[in-house]
Every structure is written in structure tokens, then in C-alpha cells.
Amino acid sequence: NAGVTQTPKFQVLKTGQSMTLQCAQDMNHEYMSWYRQDPGMGLRLIHYSVGAGITDQGEVPNGYNVSRSTTEDFPLRLLSAAPSQTSVYFCASSPRGGNTEAFFGQGTRLTVV
Amino acid sequence: AQSVTQPDIHITVSEGASLELRCNYSYGATPYLFWYVQSPGQGLQLLLKYFSGDTLVQGIKGFEAEFKRSQSSFNLRKPSVHWSDAAEYFCAINTGTASKLTFGTGTRLQVTL
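For the protein sequence lines, the chains are A and B, in the order given. So in the working numbering the end of the first sequence lands on 113, straight run, no missing numbers. So in the working numbering the end of the second sequence lands on 1113, straight run, no missing numbers.
Simulated from the structure, these hints should not be mistaken for laboratory data. Mixed in with the good hints, there may be bad ones.
[What the hints assert, rightly or not] Cβ-to-Cβ under 7 angstroms is the rule here; a few derived chain B residues that face chain A:
1) Y1027
2) A1029
3) T1030
4) G1043
5) F1051
6) A1098
7) S1099
8) F1103
9) T1105
10) G1106
11) R1108
12) V1111
13) L1113
[Said to hold, decoys possible] Some chain A residues near chain B, calculated using beta-carbon distances under 8 angstroms:
14) Y31
15) S33
16) G40
17) L45
18) G58
19) Y64
20) S94
21) G97
22) G98
23) N99
24) E101
25) G105
26) G107
27) L110
Note that beta-carbon positions come from the ideal geometry of N, C-alpha and C, so glycine has one too.
For reference, chain A alone in the conformation it holds in the complex (with noise of 0.2 angstroms):
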């Protein structure tokens, strides 16, 4: 199994410009999020969704769109990207909520000049 993937790995964006983030998953798990780090702060929670057609915001949600048609992808659009948006996304997924392990892809990091 793939797992969780995520493409590009790198991307470097002027100010402005819009982008998708793609995340798709081949466990079949109903739970997709994305996250954002940066350093000294973690990782933050962006969006969620819980199934398809269901998304919901998170900590850090401004500047990103999210839509969930199918199981399998969970894109990450940028709007109009900002410097501020300079970060490395993680998408994750995993079969529920609560006290279940999420699992992870392997970035994608973002620049924004």
C-alpha cells in the first residue's frame, strides 16, 4: 500500500498565485486532515473532513479552500498565496476519530516569494 500521498514535494509560488495541494489515500479511511509546520509552533490543524462531501475548518483556516468529493482525495487549494503561507502541509488520514492513530504523508514544502 501507498498510504498517504501527497504531491508536489516542493513548490515555489510568487504572491498571488493559487495552487493545489494534492492528498489521496488508498486505505479506505473516512478521516482527512491537513496540517501545517512551522517552525517553533508545531503543527496546526488547516481543515478536516470526516467523509465525503463533509469538511470542516480548523485551527488555520484562512487562505485555504478544501472539498472532499470522494474517500480517496482530500485537495488543499491556496487562494491567492501569500508570503505568510511559506510553510511544510502535511495531509494525513485514518479510519476514525478519537483514539486512532492518523497516518501521514510526507510533506509538501511550500514557498511563497
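Given the coordinates of chain A, assemble chain B onto it according to the supplied hints.
Just chain B now, with coordinates in the frame of chain A:
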């Protein structure tokens, strides 16, 4: 709102020495508790988790953690550290049924030979 504190940003230990990484949480009840490890340029891997029962939990790679309700702590320990344990360690909690993790800021472990 819940929070997780990892008071040690950076710890250096000698190979073969024992290790304890501290984690304290703030929440009105007992959350689901996790420790994840992140090797450089990689995603996060679950070391262990606690949600009920025996307060001493065993994980992978020889790690264990002890939940202490009275101190709101979930410290990670290893009796003898190996050079390959050098990584960043994150404590995280989940307080609900969705997969919404709240992370600490992480502790970077350096192992000297």
C-alpha cells in the same frame, strides 16, 4: 481550548543514555494522547498512544510513556538511546471524535556518539 506543552525545545543525550521527553496538556478531561516522531524530511510516525487502562504504555522502537492524570502529563521515555533515535518528537492530543490533533511544539533530540 486544549493545548499541549513540550517545555524542551532541544535535548542532547549520549548514545546508550536514558531519555525522557516531557509533555503536559491542558484539557478538562482525559484526552486521547499520542507521541509521534519525525525524521528529517519525513512525515510523522506514531510511536505510541494512550486512551484508557494501564497508564504505562509501550510503543515501537523501545519507547514507553506514562500517563499521570494528577500532573496532566504524558512523558516519553527510553532506557537506552540509539543514534538512529535522533529526530523531532511531537506530543499530541485529540479531545473529540473527529481526527483533530493538537500538537505540542516539538522536541528535537540530538544523540552524540
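Hint-by-hint comparison with the structure:
no.: 1; hint: Y1027; in the structure: violated (14 angstroms)
no.: 2; hint: A1029; in the structure: violated (13 angstroms)
no.: 3; hint: T1030; in the structure: violated (11 angstroms)
no.: 4; hint: G1043; in the structure: holds (4 angstroms)
no.: 5; hint: F1051; in the structure: holds (4 angstroms)
no.: 6; hint: A1098; in the structure: holds (4 angstroms)
no.: 7; hint: S1099; in the structure: holds (4 angstroms)
no.: 8; hint: F1103; in the structure: holds (4 angstroms)
no.: 9; hint: T1105; in the structure: holds (4 angstroms)
no.: 10; hint: G1106; in the structure: holds (5 angstroms)
no.: 11; hint: R1108; in the structure: violated (11 angstroms)
no.: 12; hint: V1111; in the structure: violated (21 angstroms)
no.: 13; hint: L1113; in the structure: violated (26 angstroms)
no.: 14; hint: Y31; in the structure: holds (4 angstroms)
no.: 15; hint: S33; in the structure: holds (6 angstroms)
no.: 16; hint: G40; in the structure: holds (6 angstroms)
no.: 17; hint: L45; in the structure: holds (6 angstroms)
no.: 18; hint: G58; in the structure: holds (7 angstroms)
no.: 19; hint: Y64; in the structure: violated (15 angstroms)
no.: 20; hint: S94; in the structure: holds (4 angstroms)
no.: 21; hint: G97; in the structure: holds (4 angstroms)
no.: 22; hint: G98; in the structure: holds (5 angstroms)
no.: 23; hint: N99; in the structure: holds (4 angstroms)
no.: 24; hint: E101; in the structure: holds (5 angstroms)
no.: 25; hint: G105; in the structure: holds (6 angstroms)
no.: 26; hint: G107; in the structure: holds (6 angstroms)
no.: 27; hint: L110; in the structure: violated (15 angstroms)
Hints 1, 2, 3, 11, 12, 13, 19 and 27 from the list above are not met by this structure, while the remaining hints are.
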